[in-house]
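K.L.:
Protein sequence lines, in the order shown, are assigned to chains A and B.
Count along the first sequence from 1, add 145, and you get the number used in the numbering used here.
Count along the second sequence from 1, add 484, and you get the number used in the numbering used here.
Any given hint might turn out to be false.
Covered stretches of chain B, going by a simulated chain A footprint (3 or more residues, C-beta under 8 angstroms) [unchecked claim]: (1) 534-548; (2) 560-574.
Reference listing, derived: stretches of chain A covered by chain B, where coverage requires no fewer than 3 residues with Cβ under 8 angstroms from a Cβ of chain B [unchecked claim]: (3) 146-156; (4) 178-185; (5) 226-239; (6) 253-263; (7) 266-280.
Note that these hints are calculated values from the structure, not bench results.
Note that the Cβ used here is the ideal one computed from N, Cα and C, for glycine as well.
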Amino acid sequence: MVEFQAVQQRGFHNYYDENGNIAGFEFKFVPRYYKGLWFTQCRFGNVEVDGEVYDRDCISIIYDGIAYSREELFDLKRYWQFRTPIVVRVPKKGGLSVGYHDVVMNFGWVLNYNGALEKEKDGSGLGNMAHMFGTKNERRMLLCR
Amino acid sequence: MSEKAATKGHPSRGISLYSYQSLLGKTMTLDDAFEEMYDTGATCFEFLTSYIEGYPNPSPKWVDHYWMLCEKYHLQPAELGHWCESHLHRGPKMSDEEIVEELKQDFRVANLLGFKTLRTKITCTNEICDPEPGWQSYIEKALPYAEKYDVRMQNEVHLPTTLHTPHIREEYLDFIRRTGTDRFGFNIDFGTFQTRAAKGMEDMPMFHFDDVSKPEEIVEFLPYCWTCHTKFTNMDENFEETTIPYREVIKLMIDHGWSGYLLSEYEGALRFKAENSVEDFANAMEGIPDQVRRHQIMMKNILGY
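Next up, chain A with everything else stripped away, as it sits in the complex:
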């Protein structure tokens, strides 16, 4: 079971490197869409926290215990199971401060549904479904550690 929002508060915390130092923060994300997706069709965008932008090519996407870059996911012919969150890991020295944060996950996908075919066939955009579902997923969340 997941929370009803796309950006999940359960799983929102700083993470640590092997020396015990805070290396960044992470949260879980599950698409709002009514079906699962092939990772090859997913288009991951930037993460934003309190207005600060974290580039999509600097974040890691963890699925079933394995961390992938955005680029690697284009070749991952694996089905993102419905209502199964990924972990979005964002490097940031010192992490986020304890307290409330406005978190945005930009995400789109490619699907053969009721619209023009994807124009950015190189994966540079956010897919072809924004006209129906948008790409911005935001939530105010409380970080404790």
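Got chain A; can you put chain B on it based on the hints?
P.N.:
Only chain B this time, still in chain A's reference frame:
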């Protein structure tokens, strides 16, 4: 069905799990969904491939559990909603052979889970769902496999597409008649007959209702139709849907001997607003199962069973 077929049809009354999609995996498990459907008196259901745990390779344990649920709640698999993917990878469209391999995968899954009909979403290029050119080639190559796995693909006719949208006749019907296949046809979504926005959706101008399908148009398509989405967007407290001419359409189907699956598919405001706020989600939690129950009561009143 020909005019000679005087025998009345006997459609089955069922539910599409899509109706509960806002709740599935959030407050409703698959077991809960089956129990909910059982309560309505439905006898059959539609799954989407996404609701198969481990898709496209569900574990034997999950498959056993699935069949246990079907048996426990006396529910029969009717239709599996799937996607005919032609753009799975960056770059150009996939080859026919690659697309057919994906289709075969879904046919096998459908066969494993007892689904005889499929809602096959073919890549389209605009709002009225004109198909991407070249679809005939790979669908024709997939027909022998549909025969092998005993499934029938159905293109969904979904608002704003109507039964008189040119591609329905000029492409899909032409394909069926040219190939003579009985493995490809139409899932006619009742939303295509909707004449106005339902209560609660007046401020959601997703569709226009100035050109919709007329009930009598369905007759020509019945020989190529095995499952319909009985779409609804709002059921009132008297168990009536007031924007779609349900009784007229279903009478035509029965009078022409149609005995397929009619699957309640809720796609109303509660579903679109569910993730907007805690209040909206609470409304969806209570309202969506209630809407489906109301719709099932209406369908029972129309069908008489």
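K.L.:
Among the hints numbered above, which are violated by the structure, and what are their numbers in rising order?
P.N.:
Of the numbered hints given earlier, the structure breaks none, since each of them holds.
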